[in-house]
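Chemist: Protein chains in written order, with the working numbering: chain A, 25 to 429; chain B, 596 to 733.
Some hints could be false.
[As the list claims (entries may be wrong)] With a Cα cut of at most 25 Å, we get these calculated DSS-like pairs of lysine-lysine:
(1) Lys660/B - Lys718/B
(2) Lys363/A - Lys635/B
(3) Lys707/B - Lys422/A
(4) Lys44/A - Lys604/B
(5) Lys422/A - Lys39/A
(6) Lys98/A - Lys262/A
(7) Lys422/A - Lys625/B
(8) Lys44/A - Lys707/B
No lab work stands behind these hints, which were simulated from the structure alone.
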Amino acid sequence: MLDIDKVRKKFPILKQVVNKQPLIYFDSGATSQKPQCVIDSINYFYSNSNSNVHRGIHTLGDRATVSYEEARNKVAKFINAQAKEIVWTKGATESLNLLANGLSNFLHPGDVILISALEHHANIVPWQQVCANTGAILKIIPLDETTEKIKLETTYQLIDLYKPKILSISHASNTLGNIQPITDIIQYSKKYQTITIIDGAQAFMHLRPDMLKLNCDFYVFSAHKSLGPTGLGGLYGKYELLNSLPVYQTGGEMIKSVSFDTSTFTDAPGKFEAGTPNISGVISFGCAIDFMNKIDFLDQKTHEKSLFIYLKSQLEKISGIILYGDLELNIGTISFNYKNEHPFDIATLLDQCGIAVRVGNHCTQPLMRCLNIEGTVRISLAFYNTKNEIQQFIIHLKQCLSLLD
Amino acid sequence: MNDSYINVKNQITQAGSWQEKYREIMTLGKELPVLPQELKVDSAIVDGCESNVWLYINFNNEERKLLIAADSDTRIVKGLLSIILYLYSDLTPNQILLIDANKEFEEMALLKHLSPSRGNGIKAILNEINRKAYLMNK
Numbered sequence: 025m026l027d028i029d030k031v032r033k034k035f036p037i038l039k040q041v042v043n044k045q046p047l048i049y050f051d052s053g054a055t056s057q058k059p060q061c062v063i064d065s066i067n068y069f070y071s072n073s074n075s076n077v078h079r080g081i082h083t084l085g086d087r088a089t090v091s092y093e094e095a096r097n098k099v100a101k102f103i104n105a106q107a108k109e110i111v112w113t114k115g116a117t118e119s120l121n122l123l124a125n126g127l128s129n130f131l132h133p134g135d136v137i138l139i140s141a142l143e144h145h146a147n148i149v150p151w152q153q154v155c156a157n158t159g160a161i162l163k164i165i166p167l168d169e170t171t172e173k174i175k176l177e178t179t180y181q182l183i184d185l186y187k188p189k190i191l192s193i194s195h196a197s198n199t200l201g202n203i204q205p206i207t208d209i210i211q212y213s214k215k216y217q218t219i220t221i222i223d224g225a226q227a228f229m230h231l232r233p234d235m236l237k238l239n240c241d242f243y244v245f246s247a248h249k250s251l252g253p254t255g256l257g258g259l260y261g262k263y264e265l266l267n268s269l270p271v272y273q274t275g276g277e278m279i280k281s282v283s284f285d286t287s288t289f290t291d292a293p294g295k296f297e298a299g300t301p302n303i304s305g306v307i308s309f310g311c312a313i314d315f316m317n318k319i320d321f322l323d324q325k326t327h328e329k330s331l332f333i334y335l336k337s338q339l340e341k342i343s344g345i346i347l348y349g350d351l352e353l354n355i356g357t358i359s360f361n362y363k364n365e366h367p368f369d370i371a372t373l374l375d376q377c378g379i380a381v382r383v384g385n386h387c388t389q390p391l392m393r394c395l396n397i398e399g400t401v402r403i404s405l406a407f408y409n410t411k412n413e414i415q416q417f418i419i420h421l422k423q424c425l426s427l428l429d
Numbered sequence: 596m597n598d599s600y601i602n603v604k605n606q607i608t609q610a611g612s613w614q615e616k617y618r619e620i621m622t623l624g625k626e627l628p629v630l631p632q633e634l635k636v637d638s639a640i641v642d643g644c645e646s647n648v649w650l651y652i653n654f655n656n657e658e659r660k661l662l663i664a665a666d667s668d669t670r671i672v673k674g675l676l677s678i679i680l681y682l683y684s685d686l687t688p689n690q691i692l693l694i695d696a697n698k699e700f701e702e703m704a705l706l707k708h709l710s711p712s713r714g715n716g717i718k719a720i721l722n723e724i725n726r727k728a729y730l731m732n733k
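Go ahead and model the full structure; you've got the sequences and the hints to work with.
Modeler: Have a look at this one:
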């Protein structure tokens, strides 16, 4: 069983008092909180090893490079991949842009890019741009109106119909928390040699994806949603395909040789990491991975699941509350509305109680249109949350809702 | 500053709890005249991502006063709009420019509603009122 008291002690921010109330942080989908070791490692790096990577013939340079590449190994091991298949980016958004940019060279007018109705804007807009530039067509796996998730059968039919060149879908929805049936979809897409991309921004921490098992071509993630620092993300790619992509940004670090006439580039991952990288970010993310490795995954899943079930059952008891999405296969994120009240009002009142939730369209405007709503209040849990916090939240929520009635 | 605003401000600063304070704000919102549907058009929307705010500001040349009409789809923002209308109503452009809205919001402990992360457009409305007042004052 997860020793929750011990876990919480590692997150200094969770001790905060906000608006005279103990902080209840239910916005981990926006960004997770950071354990002390991650915070300390940034301080330690700048105090002891600060130096540029891959070029110093001095001790500090060696130290920085070793730690930097060690973090790549840690992440690779964590997701069951090879270190050379991991590219550092500034976030899942940049990873998707890198892919959209690189893969656009393989597209012809009329080729189909298939995404789902639950995608974050970061997994929609880059593909729209690609379509505008290449003549490719963006198609959508629809949301089933009754279950509020995508249907596997429909997805298969669309794959058969369009034989998409690219399929890019989220492992878990940031707005609804739905865990999507990506293993089956990836498997089915092999029929047409579709390039499969998984947006794992939300799933990385909750589901600990295994690249060998998933067998997708690319998987993108953000460090800050998985205990790491902001400004860092990653891109996993099957090596041959990854290395075949053209460079995204150019400059120092990523070249083999440069003359005034032409340049040659190093192989992946180096060729996608132009300029001085986010060294302290990478190293501290390595510490975040160490931290996760120390937590038994089954314990984490069991704890998160029980929190989710409890929260769901408590919310369902409040008359006037409408819950959205898949309430079975879920990473611990619940979107809701109350009668005709505006989510903004609910969140503003909750903030007075020291409770952090997110409101709005959550960068999923097309999904909001599918659900016929403007926005929701979103609670996104993490393993460092407690049943007691949910109890407190429900008491405060009822109080806030009574102010609106 | 006019008496009705002073009254409103007192009600808010003297609220015994945050619940009472926000109830007060939402009640003020209910008093705000509802903007007719045909005026709730995109061109009148103040940029903000968490709620819709529609704003009209006109200058009455004869009386040299600003006429403000505003509405929002959230109760709290509507209440804040109502406070703003009390704050600025019946004032000349010159008087408007002398008002320190930040200070007023701070004294009501509502300053956080002007923070850039809110995206509720309150700050934008204050800027717009001041811009119009400045133009009229010239």
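Chemist: Hint check: Lys363/A vs Lys635/B, CA-CA at most 25 Å. Holds or violated?
Modeler: With Cα atoms ~22 Å apart, Lys363/A and Lys635/B stay inside 25 Å; holds.
Chemist: If you draw a straight line from the CA of Lys44/A to the CA of Lys604/B, is it 25 Å or shorter?
Modeler: holds (23 Å)
Chemist: Given the hint that Lys707/B pairs with Lys422/A, test it: the Cα-Cα distance must not exceed 25 Å.
Modeler: Cα-Cα ~24 Å, so holds.
Chemist: Given the hint that Lys98/A pairs with Lys262/A, does the C-alpha gap stay at or below 25 Å?
Modeler: holds (17 Å)
Chemist: Keeping to a limit of 25 Å between CA atoms, is the pair of Lys422/A and Lys625/B held or broken?
Modeler: holds (22 Å)
Chemist: Hey, Lys660/B versus Lys718/B, does the alpha-carbon distance stay inside 25 Å?
Modeler: holds (21 Å)
Chemist: Regarding the pair Lys44/A and Lys707/B, is the alpha-carbon distance no greater than 25 Å?
Modeler: holds (15 Å)
Chemist: Keeping to a limit of 25 Å between CA atoms, is the pair of Lys422/A and Lys39/A held or broken?
Modeler: The hint holds at about 24 Å.
Hint compliance for this structure: every hint is met.
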